[in-house]
Structure formats: C-alpha cells, structure tokens
Amino acid sequence: MAASSSSSAFHLMRDENDNQQLQLHHHQLMASSSSAPPPPPAASAPPPASSTNKKRRNQPGNPNPDAEVIALSPKTLMATNRFVCEVCNKGFQREQNLQLHRRGHNLPWKLRQKSTKEVRRKVYLCPEPTCVHHDPARALGDLTGIKKHYSRKHGEKKYKCEKCSKKYAVQSDWKAHSKTCGTREYRCDCGTLFSRRDSFITHRAFCDALAQESARNMNPPSLNSIGSHLLGLSQMSTDHHNHNNHNHNHNHNQINQSLSNHDMLRLGGGSRPGPQFETLVGSGFRPARSSLPPPSPALYSLQQQSNEEDHHQQHNNGMLSNKASSSTQLHGLMQLPQLHNNAANNSTSNSSTAGLFNLSFFPPGNSVAASNIDGGHHSGGGGDQESTLFSSGNLMSMAIPSLYSTSHAIQNPSGGGGTAHMSATALLQKAAQLGSTTANSGASSLLKSFGKSSDNDHHHHSLHGHSFIGGGGGTATTTVFGENDNNGGNNHLHDLVNSIAGGGSGSIFGGEIDDYRSSSGIFHGGGNSSNQGGGFSSLEQGRLTRDFLGVGEIVRSVREQQQQQNAAMDNSQSQAFGGGANFRN
Amino acid sequence: MFQEDGSSSITSSPLQMLPMMSLSPGMTSPYPWLNELKPEERGLCLIHLLVTCANHVASGSLENANIALDQISHLASSEGDTMQRIASYFSEALADRILRTWPGVYKAFHSTRIPDLAEETLVRKMFFDFLLFTKVAFVISNQVIVEAMEGERIVHVIDLNASEPAQWCALIRDLSARPEGPPHLRITGIHQQKEVLENMAHVLTEEAEKLDLPFQFNPIVTKLENLDFDKLRVKTGEALAISSIMQLHTLLAPDSSINKSPSTPMNNGLSIHLQRVAHMNQSTLRELLEKDVLVNDYSPSNDSASSSNIESFLGALWGLSPKVMVVTEQDSDHNGKNLMERLSEALYFYAALFDCLESALPRVSVERLKMEKMLLGEEIKNIIACEGVERRERHEKLEKWRRRFELCGFTNVPLSYYGMLQANRLMQSCSNSGDGYRIREESGNVVICWQDRPLFSVSAWRIRR
Numbered sequence: 014m015a016a017s018s019s020s021s022a023f024h025l026m027r028d029e030n031d032n033q034q035l036q037l038h039h040h041q042l043m044a045s046s047s048s049a050p051p052p053p054p055a056a057s058a059p060p061p062a063s064s065t066n067k068k069r070r071n072q073p074g075n076p077n078p079d080a081e082v083i084a085l086s087p088k089t090l091m092a093t094n095r096f097v098c099e100v101c102n103k104g105f106q107r108e109q110n111l112q113l114h115r116r117g118h119n120l121p122w123k124l125r126q127k128s129t130k131e132v133r134r135k136v137y138l139c140p141e142p143t144c145v146h147h148d149p150a151r152a153l154g155d156l157t158g159i160k161k162h163y164s165r166k167h168g169e170k171k172y173k174c175e176k177c178s179k180k181y182a183v184q185s186d187w188k189a190h191s192k193t194c195g196t197r198e199y200r201c202d203c204g205t206l207f208s209r210r211d212s213f214i215t216h217r218a219f220c221d222a223l224a225q226e227s228a229r230n231m232n233p234p235s236l237n238s239i240g241s242h243l244l245g246l247s248q249m250s251t252d253h254h255n256h257n258n259h260n261h262n263h264n265h266n267q268i269n270q271s272l273s274n275h276d277m278l279r280l281g282g283g284s285r286p287g288p289q290f291e292t293l294v295g296s297g298f299r300p301a302r303s304s305l306p307p308p309s310p311a312l313y314s315l316q317q318q319s320n321e322e323d324h325h326q327q328h329n330n331g332m333l334s335n336k337a338s339s340s341t342q343l344h345g346l347m348q349l350p351q352l353h354n355n356a357a358n359n360s361t362s363n364s365s366t367a368g369l370f371n372l373s374f375f376p377p378g379n380s381v382a383a384s385n386i387d388g389g390h391h392s393g394g395g396g397d398q399e400s401t402l403f404s405s406g407n408l409m410s411m412a413i414p415s416l417y418s419t420s421h422a423i424q425n426p427s428g429g430g431g432t433a434h435m436s437a438t439a440l441l442q443k444a445a446q447l448g449s450t451t452a453n454s455g456a457s458s459l460l461k462s463f464g465k466s467s468d469n470d471h472h473h474h475s476l477h478g479h480s481f482i483g484g485g486g487g488t489a490t491t492t493v494f495g496e497n498d499n500n501g502g503n504n505h506l507h508d509l510v511n512s513i514a515g516g517g518s519g520s521i522f523g524g525e526i527d528d529y530r531s532s533s534g535i536f537h538g539g540g541n542s543s544n545q546g547g548g549f550s551s552l553e554q555g556r557l558t559r560d561f562l563g564v565g566e567i568v569r570s571v572r573e574q575q576q577q578q579n580a581a582m583d584n585s586q587s588q589a590f591g592g593g594a595n596f597r598n
Numbered sequence: 077m078f079q080e081d082g083s084s085s086i087t088s089s090p091l092q093m094l095p096m097m098s099l100s101p102g103m104t105s106p107y108p109w110l111n112e113l114k115p116e117e118r119g120l121c122l123i124h125l126l127v128t129c130a131n132h133v134a135s136g137s138l139e140n141a142n143i144a145l146d147q148i149s150h151l152a153s154s155e156g157d158t159m160q161r162i163a164s165y166f167s168e169a170l171a172d173r174i175l176r177t178w179p180g181v182y183k184a185f186h187s188t189r190i191p192d193l194a195e196e197t198l199v200r201k202m203f204f205d206f207l208l209f210t211k212v213a214f215v216i217s218n219q220v221i222v223e224a225m226e227g228e229r230i231v232h233v234i235d236l237n238a239s240e241p242a243q244w245c246a247l248i249r250d251l252s253a254r255p256e257g258p259p260h261l262r263i264t265g266i267h268q269q270k271e272v273l274e275n276m277a278h279v280l281t282e283e284a285e286k287l288d289l290p291f292q293f294n295p296i297v298t299k300l301e302n303l304d305f306d307k308l309r310v311k312t313g314e315a316l317a318i319s320s321i322m323q324l325h326t327l328l329a330p331d332s333s334i335n336k337s338p339s340t341p342m343n344n345g346l347s348i349h350l351q352r353v354a355h356m357n358q359s360t361l362r363e364l365l366e367k368d369v370l371v372n373d374y375s376p377s378n379d380s381a382s383s384s385n386i387e388s389f390l391g392a393l394w395g396l397s398p399k400v401m402v403v404t405e406q407d408s409d410h411n412g413k414n415l416m417e418r419l420s421e422a423l424y425f426y427a428a429l430f431d432c433l434e435s436a437l438p439r440v441s442v443e444r445l446k447m448e449k450m451l452l453g454e455e456i457k458n459i460i461a462c463e464g465v466e467r468r469e470r471h472e473k474l475e476k477w478r479r480r481f482e483l484c485g486f487t488n489v490p491l492s493y494y495g496m497l498q499a500n501r502l503m504q505s506c507s508n509s510g511d512g513y514r515i516r517e518e519s520g521n522v523v524i525c526w527q528d529r530p531l532f533s534v535s536a537w538r539i540r541r
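Residue numbers (the working numbering), protein chains in the order written: chain A, 14 to 598; chain B, 77 to 541.
With the rest of the complex left out, here is chain A (with noise of 0.2 Å):
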C-alpha cells in the first residue's frame, strides 16, 4: 500500500482503503452555483444549490467556492487509525506521520514538501444527510473539524464528567470541561453562584427578561381573553371533528402513536385507552393560531351537541333516529335504552333490582306513576317517542340516582354472582329514606340529614345548566317521595320505618341499647309487631336482636316490596327474618 504523495493519490488510497464510502466527488463549486448544480451522487444529492444560496450569509461553513469538496463516509469520518504501518501495524491518524514512523523502519517513505504550487484547498461534507453541512455549499474547511463537529452533533456522548456528570462527545471537551468543572463560580449580578456555566447562563436569561420585565413596569397588556376563547373554540371544534372520525375507526393506536410518550395524561393505563383525550390536552386545549374564522359560543355548542349526537348513535348503532337539539334531550335519549336494557334483564332473571327500585321508590299506592315510567322505557327501547318520552326518563333519573349505577353494574361483568347489584350510593340514599320517612317525631336522625341534603343536590342540579338531566326533575323527586309519605297506611315502608324509629329515640338507627331496651311499644306504629319480634327471638344473644332489629325491619321492608312486586317470595330466607310472609296484611 505504498502511497505515492499526490493527494490525488490520497484520494486513491481512501477509495480502496474504504469500500463503504458514502460519496466522494470532486467538483468545483461555482462562484455563482445556480449554473452547474453537481452531479448527484447515489444516495443523497444536495439540495439545488440556488435554494440554499440566499441563505448563505451569516452562516457557518462557507467555504471557499473553489475549494475541493470531500465527502467521507460516518466510518471512515470516525475511523481513528486510518493508515496503517505494514511492518508493526500501528496506526496513525495522518499519513504524513505514517510517513515519518516508516522512516524509523528504514523503509521507503515520503513526506509531502511543502508545495510550492498552489494547494487545492479542501473543504468536507459532513456525511448525516440531515444535518445543514451536508451541503457542499455548507461544507466545513478542515477534517479534524469536520470530525468533531460530527461526534459532537450527531455522536454519542461517550464521555461523562465524574464531578457533574455533563457529558460530551469529543474527548479534548471533555478534558477541557474537567480542568475547569467545579472551579469557576459564576455569581449573577442578583446574588446567585453557579459553579456550572450553562446553568447560569439559562439563570441569566431569566434575570435579564425579568429585569426587563420589571423595567417595563409590569403594565400588561390588554388581555383579550375573549378572542383567544374563540380561536380556542375553532380550534376544539376542529379537534372534535378529528376525534369523531378516529371513533369510526376505533383506531385508537394512531393517535396514541402520533403523540409523545410524555404525554402522560392518559386515561387508566391500558384498559381505557383515551386518545380523544390527549388530542383535547395536546392541542385542543391551547388558544390556537388557526386561521379559522372564530364561530361563535352558540354556533360552537350546537356544533358540539350535533357531533356528541353521533358520537352517541355510533355507540348505539343508530338505534336513536331522533334528531335531539339539545343535550338535556340527548341524554334522555340515552338512559333510556339503559333503562329498558336494564327493566328487561330485570324481569327475566328475576333478579331484585329492577323490583327493588320500582318499588322502593314508586310504591304500592303510586302505582300510576311508575306504570307511567315503565311505558316510558318501552316506548323508549322502540325509539319513536317525543318529549313526554324525555320527560318521564328524566324523572326517572331524577328519583333515582342510583339508576346509572345499577346499569353500571349490569354492564359490567365484574358484577360476580350475575345478579345486579346496587352501588354504595344508593344504598345509602335507601337507608337515608328509610331514615327520613321516620322522622316524623323531630328526632334528629343522622341518616336523615343525608336523604335531605341528597333531594337538595338534586334540585340543586336541576337549577344549573350545566345538569346532564332537565329540569324539572327535582320536584318530580320531591312529589315522589312525598306521596311516599302520604301514602302512610297502604305504604308498608312508611309503616315499617315508623314502627323501628316509633320509640322516638335519638336516631332511627338507635344510638343507645337501652332506648332499644325501654321502649316495649317500639313496634306500635305497624301493628305486627307480635310477628316482627318473633324471627329474632331465635338468635342465641339478647344484645344481638337488640342491635339487629332494626336491620331486620329494613331488610324486611325491601323485601317486602319485592314480593308485593314479584309476587317471587323465597320462604327459606323470609324465615329467617321472623315470617315475612305473616307481614302481608
């Protein structure tokens, strides 16, 4: 591998030494390029060297335009032993000093003389084709520069400063930035020691703006909160068209991948996937810069309600023709197929809850306003009803809020045993009705506060626009559980609770034993307490039935209504509770 000392003979040898040259041309770049844009080689041609001539002031890497370009392959670029002495196989990174080491091996060796004819200056590409130095035009003037510039910008940084841990590319920075790490201080003109440099540096552009900042005597500007509110607006709406045409697909993973993985608002972790999410936050959520013209409030929520619609119907496999212009209606819309999906499971399954919630909340002596809901659910189901049809589902929404919950549980398979079964929620909000229907006497129950604070969420949600369920309903709540009260002598659940709470002790679930204990009458109100008492006298401790019968009231009130209902009566568990069936008057 003698090398004779041309460079053109240079050129030679790195062409056979490397294979994997990306590209080597040798051209002269004209004064004015536009004329003779090089010839492209294979895999990346330069851009066309008018576009990039504007841009040429100012900018580094402006080499002279006769000078040689030399494009190197990353490997050859990174290769740090590139020629080779055959005798002891050292390398050298240049070929002069190759050139000198074969001198102490007495074998044939020739230095470069210092020409005396004029040099070709060379200039090098730098070989990532993404990076501006790729461009001949751009091209770097030396190779030891060309090196660093790409270990440093598109290298690894191989080298890490023990003392604070910045890392670096090019090892003469590395040692440089260890002479010096840990002992220069830099103190900012607000008082504030920095022992690394660009640290302070970010620290001194936050002093400067707010030194300007305070300069400019903090007088803001006008805000115009309502015109970025509409641009915002005509941005989330485009954005909801985005998420509506992803919901046709249910291609969610696109969306995800199109977004970082920092973006970490993401709904629960892989069971839900929330795209339409991210979309809201990455970008619905900035006021933005779209040339949209900015719809108005109004024309927006229209907008939104016709999109939410066919979010729904799609979900519905258009089971809902009905064209609904507002999202009170919508929503009726949609409990009902719930409601009628849930009153059908209910009746086949004999299972308790659709009996349970008819009957609790809509008792024997109102017999016509549940009949009135449950043509509300048929019809519903069939999908041709009008506003009556609203109506009567919001009222059921209204009286109940536990309905949700019960679908909730239906649709959910995490529901166990296959029967339906009522949230926390609602069993609470029960045994508060329980309580407030008894309290008659003034004694202060404590779930009592809970069903009255719960009627007055309800009017309360009925009174804000924002409710999901019209108005209208809260009174329909009230009238209900009114007529619940009035109702007294047919309405076992009135009767029942009167005869627990009768003994007018503090709360309905007694606080104290012996309330329970003197009050022998306790049981007046009912008039069965002959039976009432008999199931528990059966339990092995006195303390036990004391402190169970009121368990045993509630328990028997709900099931009671149930056989009213079901006309299904387990006996075996009946009897348990002291003859559910003697209770039936």
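Everything labelled a hint here was simulated from the structure, so no lab data went into it. Virtual Cβ for every residue (Gly too), placed ideally from N, Cα, C. Treat the hints with care, since some could be wrong.
What the hints assert, rightly or not - Just a few of them, taken from the derived set where beta-carbon distance is under 10 Å, the chain A residues facing chain B: (1) Cys203; (2) Ser212; (3) Ser436; (4) Ala444.
Keeping the supplied structure of chain A fixed, place chain B upon it in accordance with the hints.
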C-alpha cells in the same frame, strides 16, 4: 348524645375484650342466615351495623362495638361488592380507633410497620391513571393558569405537591403554543421524596427542550408544613401561579406546639404578621410561629377559627403575591369534631368513590385493591381513627375554604367558560368510563361529581389589594 372521645367513658376492663376482637372474615359464621342475605339487604345491614358500631365507639361502649365489628366481619369483604368493601375499611378504621385508646397496645401493634413511600406514590399515580378526577382538576387548573398568565413573559408556577408531571407537560405545551410566544417558565415542585422530584425534573426538562421553551425546575424536598418559603425563590417581576391539588387540608390540623400554650386562639393579626415571613430569613414557618408564641407579641383575638397552620400558610402564600392560586380539594366535610358526623359524611363520600372504582375496574383488579386499601382506606382510617395533629385528612367543603381564603386576603376568581368546556370535553371524550362523572359550576367554581355526589372542588383565587 355522642361523645367525642371514646376513651373517657370506658367502664369495663378493656383488656377483657381483646380476645373477642377477631375480625377474620374467614371463620365460619355463627349466624348462617347472614350468608343468605341478598346484596341489597347485606348492604343495608352493613350500613346499619357501621352506624351502630360507630355509635358504640363514640360513646365508649367498646364491648358492644366489638360485637358489631364481629358481625360486620361476617358480611364485609375487601374483595366483595362496593358496600362490602367500604364496610371493611370503615370497620378497620373503627377498630383502629378503638385500638388507639390503648396507646401502648397500638404502638406495639404497629411497631414493625415499614413505611413504603414509593408504593404510596405509585398508588396515587394509579388514582390519577384510572379515575378522571385528577385529570379534570389538571385541565381546569391549567386553563386558569394559562388565562392568568396571558401576556406574561416570566411565569413561575409553584406546585405544592409535585408528584405528577403530566399536568406541567400539558402546561408547557400550552404555553409554548400561545400566540404571543412562549414565556420563560419556572416550576417549583414541592414533594417529600427526592426521587419523585428528580423524575419530574427530567420529564419536564425534556418536554421543554423539545418545544424550545426556556425552562427551569426548582425542586424542594420537604413536607408541606415544613416548607421554607425562602426556598421558593420568588422574584419580583415574575408572574406567580400556585397550584394545590388536594394538599391544603393537611394543614388544617391544629398545631400541637401552639396548642400547648394556654391561651392561643389564632387570629387575624397573624396573617398580616406572616406577610413578613417571605422577607425574613427565618428557617421554617413553624419555628417562626413558635417563637412568636413564646414572645407573644401579637394580640390574641377573636373568633373560634381553629388554631391551625393553615392561616399562617395562606398568609405566607399571600405574601408571595401570586397572580393566581388554583386549589383542588375534596368537597366533603370530614373535619367535624364529632365522630358520627365525620363517619356519615365519609360514608357518602367514599361510597361514591368506591362506586366509581367499581365502574372503572373489575373487582379482582390488583390496582383497585391497592387504591382502595392504600389510598382510600388510609384516608378513611385517618378520618375515623385519628384526632389532633395525626388527623390530616381534614377535607372541607368549598364554602368553608371560601371563608378561609377571604379571611386571608384572597378573593375568588371565577373560572372561565372555556375551562368548563374543556372539562366537559374531557369527560365526554372518555364516554366509556366517564359515564358517571359530572361537573357543575357553582358561582364561578367547579365541583366534580360522581353521579350526583360532589367529590372535588376546583376554585381559583387571587390576592385582594
């Protein structure tokens, strides 16, 4: 009728009861009929038993409480339906309260417990991942901040509980895209664990670098109540926003050091007094307070406002002149003096949360179990079993917070229509799991509900000049 402190009226020897306090649900039930209850009946039964038991605990009749707990143990299960689960945690909490009446026993019982902060952090993260509440709070909070910071060129955000980078990643994106160009942003994160803050710094720095937004993260490893306000490094000229997500209630506990001195109703003077805190180089707020109490150089005054850290803390925040402060809190009154009040309020609150989990995750889910036990269960236990300084989960309703903020010199900033829209959009976008979520607006503030039960409130405040 109920007594605050159950320990005072114990008449029988407490130790006799210990052998009876077996709570294992696995043992065969002596009351076979209990097993035949239908779920609704069982649920009602459990509610009744819990209330009964709590009454016994409150009145100090521990023997009866023990019996009730025994009965509950046959019906409740931490892996059953929602009511069974809730009952498990409430009964555990009641038992814990009973046990605390014997401090020696209690301490011995818990002497080998290993605190697992990492796991707790993980569970909180799950709460964020699986439920919408925190996300909605984030979206609304960020919107408030973005609106308040419009046109500001240097923005400083203080996060009183910097555990979740997602909120600030979103903010970084919002700010970098705003029409007037990105501001300089500094986020000061406060958290007990260094690792959490490091992770946060890493994630946020990367995000900011990606978007080319000038960014600094200032981590402060401390408990909130020991926060050194100097470390916040708030500078004149920067626009400050403060974000607190379910943190402030932990400062409602009475300060034990203050309580020790005989006559110390806290006062309005203190809040003014504490404005000094920002300027003084006292090391911690608490130290300062203690000194002040010793010197007693402020006039003791007025009302029954509980003597707690909160006024001083809010006063110090006021002294930082934030442009806006966004506060998310549990919207339920779990700070009553009376155990029964707390129990009933907590029953409702956690029933809704457990219902929400029921709709979000299957019953066998390990994540759900962990969240229920390590997050919600611990909160329940804290509300029911603890008193004094130890009781940190002192959730209060928005109305009470409003009065407190106003007392400390803040005034309410109504949330924008756009913020509401965003929250609504978020919930609609997750229509599957989002069915039960609702938000509603209450005079400029937002209440996030599960079904009809308000669970969290989001409100924004600025200082009154």
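Outcome of the hint check:
1. At its closest, the beta carbon of Cys203 (chain A) sits 8 Å from a beta carbon of chain B; the interface hint therefore holds under the 10 Å criterion.
2. Look at Ser212 (chain A): its Cβ gets to within about 9 Å of chain B, closer than 10 Å, so that hint holds up.
3. The interface hint given for Ser436 (chain A) is met, as the beta carbon of that residue sits about 4 Å from the closest beta carbon of chain B, less than 10 Å.
4. Checking Ala444 (chain A) against chain B: minimum C-beta separation of about 5 Å stays under 10 Å; hint holds.
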